[in-house]
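Trainee: If you read the sequences in order, they're chains A and B.
Numbering follows the numbering used here, with no gaps: position 100 of the first sequence is 100.
Numbering follows the numbering used here, with no gaps: position 276 of the second sequence is 276.
Don't read these hints as lab results, they were simulated from the structure.
Quick reminder that beta carbons are idealized off the backbone N, C-alpha and C, glycines included.
Errors might be hidden in some of the hints.
To be verified - Computed Cβ-Cβ distance ranges for the label pairs, DEER-style:
| hint | chain 1 | residue 1 | chain 2 | residue 2 | range |
| --- | --- | --- | --- | --- | --- |
| 1 | B | R121 | A | V31 | 58 to 68 angstroms |
| 2 | A | L82 | B | E38 | 47 to 57 angstroms |
| 3 | B | L27 | A | T228 | 54 to 64 angstroms |
| 4 | B | S81 | A | A29 | 29 to 39 angstroms |
| 5 | B | I166 | A | Q67 | 53 to 63 angstroms |
| 6 | B | E249 | A | I253 | 55 to 65 angstroms |
Said to hold, decoys possible - Which residues of chain B face chain A? A few of them, derived with a C-beta cut under 10 angstroms, are:
| hint | residue |
| --- | --- |
| 7 | K118 |
| 8 | I166 |
| 9 | A167 |
| 10 | V240 |
| 11 | F317 |
Protein chains: 2
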Amino acid sequence: MAQSYPDDQASKLDSAIRDLIINYHELNATVIDELYEEPSALEFMQYVARNRPFVVRKGAEDWTAVQKWDSHYLLSVLGDSLVNVAITPFGNADAVLKEDDGSLSYVKPLERLEPFDKVIRYISEQESNQEKATPIKYAQTQNDNLRNEYSSLFEDVPSDIPFARIALRKDPEAVNFWLGNSLSTTSLHKDNYENIYVQVRGQKHFVIMPPVAAAAVNEQSISGTTYTSTNGDEEAELKVEDLKHTLDEPELIVPVPTWDPDFPDVRSTPYSELVKPLRVTLNEGDMMYLPAQWYHKVGQSCGDEGYCCAVNYWLVFPDLAPSSFAATYGSTMPSACEMQQL
Amino acid sequence: MAQSYPDDQASKLDSAIRDLIINYHELNATVIDELYEEPSALEFMQYVARNRPFVVRKGAEDWTAVQKWDSHYLLSVLGDSLVNVAITPFGNADAVLKEDDGSLSYVKPLERLEPFDKVIRYISEQESNQEKATPIKYAQTQNDNLRNEYSSLFEDVPSDIPFARIALRKDPEAVNFWLGNSLSTTSLHKDNYENIYVQVRGQKHFVIMPPVAAAAVNEQSISGTTYTSTNGDEEAELKVEDLKHTLDEPELIVPVPTWDPDFPDVRSTPYSELVKPLRVTLNEGDMMYLPAQWYHKVGQSCGDEGYCCAVNYWLVFPDLAPSSFAATYGSTMPSACEMQQL
């Protein structure tokens, strides 16, 4: 009495993916939860278990960093110490670039060590004078830099986020410092970390999408390239035309989302129109939890002094394992009898 | 510079599924966590978030039910009140049955209301005298029966499980009472509920598998059938040969796992051999958390008095959403560019 299946695997998989995305949005709000005080460890764990983000408005307003990190203070602490800065012609570090032949490449910034005082002044002056196109600088190494390169600032932030440490039973993997202006954009991507993000100066404008957007972001494996300077003088202030990107050697193939929810008709997939991106702006002193594997694209606006500054904590939930994702969507996964026909 | 994909969707999906199962077992133990005291709400939430089971050995040993539910007590409370009993020829309620023509059907038990005193005596006597094959009875309605049919026993168990109520912020959806003997087996299946299971008398022998086993269990959509009695006397004690199963009308097609990890070569899929079932026996007073969507097959052994008795709580984690499952396995899901080629 076994019922036989039709042979059209492809159409079955197609409709399973559509259902997955549609059901997700039916079950989940398309706005981010806004809290007005930090969650308890248990409440945080409930968000982690549901893989859902939240914002704590003014959750970090009492942090020393939020109180103190004006340019005068930052200059007094960091002075002319050398910091790693990402330099790009268009604010496009770690971004997809369309080549002249129509193909895509993934471009990484030129990285240079420059004196902090020069960097912050460059960023601020560029923000207030955007008539002439100049290369865009962004301190954004994401390599635990607040506990290393910027360790003299680390005492101004909590060494960890207590509710997250208690819930995840782990110290942060990395604590990062970010300094840039409104000309830099972080392209759509996802991270393997639970992310606690705190805005210190200026605003960040997030467009975020849950992991079910995997079918919508048109991930492609494309060649990695890196900006290099064609200016022989390594001390010279670079011009936009000095920056050329060249293929990485050895060749690097990177899986990259190529769809951008702000340009929904470009490089879309049949599933892109089903996804409902969430948009949220962080103001000074706001804290956001962005769950692991959420896609995010980030723009920014500057504070009074012409720069945007933020801190984030990357945490790992140990022994990661299938969870309620499967509980919700197990039934929409292709079943074994379908698999067998492959 | 975009790299093109090979066209063999099927082989790509096949290897993604293999990786999914293999990675799961690399990341997760193949034995169940054993605790010796109840977890806190936060610790429980960590298990829920990871979709991982645990046993609390002797976690319920102080419950009135575990202290008191001998046959004398149960008879004194329930007497000859009518209870719903599932009757099958082979202890195969809600099971896959192979028809003479080789096809499969899904067979549900004959359900009858019988006096409790008759039922418990029948179950016990059958346990001690298995020479003659007689129909097998199992009180197993799973319809919140401990708060309804057996409500006179409900005061002997906690009205909820505090660590689970606090963590999930919900009262139980159902509290169920189970009474049977070693001749009944619960076939492999999964539930949409978080499950807290407490053994009161006898033992339960669980074979459990995580949701990634979806590709291994050979789920098929098969016709529902139900045992009915061919004996015109509705009061008569039934014989095995009185029970015939017939197609449900209107026709009912049920998706059912048809692979049984205890007979691994029968109706296996190419993925069955990759799955590592966990086996755990609950003794009197033990408590188990079985996460939603875990496959489970359950056998049982009787206590001193020839019956096996258990209680379980079904709970729902509200606002269920994709979680760390995606975090772990996002990268093994077919990506959008693959989907587009469908």
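Trainee: Hint by hint, note whether the structure agrees.
Mentor: Tested hints:
1. R121(B) <-> V31(A): 58 to 68 angstroms: 60 angstroms Cβ-Cβ, so the 58 to 68 angstroms window holds.
2. L82(A) <-> E38(B): 47 to 57 angstroms: 54 angstroms, holds
3. L27(B) <-> T228(A): 54 to 64 angstroms: 39 angstroms, violated
4. S81(B) <-> A29(A): 29 to 39 angstroms: For A29(A) against S81(B), whose Cβ atoms are near 47 angstroms apart, the range 29 to 39 angstroms is violated.
5. I166(B) <-> Q67(A): 53 to 63 angstroms: 36 angstroms, violated
6. E249(B) <-> I253(A): 55 to 65 angstroms: Check passed, 58 angstroms falls within 55 to 65 angstroms.
7. K118: Because about 34 angstroms separates K118(B) from the closest Cβ in chain A, which is outside the 10 angstroms limit, the hint is violated.
8. I166: 7 angstroms, holds
9. A167: 7 angstroms, holds
10. V240: With Cβ-Cβ at 22 angstroms, over 10 angstroms, it is violated.
11. F317: 6 angstroms, holds
The structure does not agree with the numbered hints 3, 4, 5, 7 and 10 stated previously, though it agrees with the rest.
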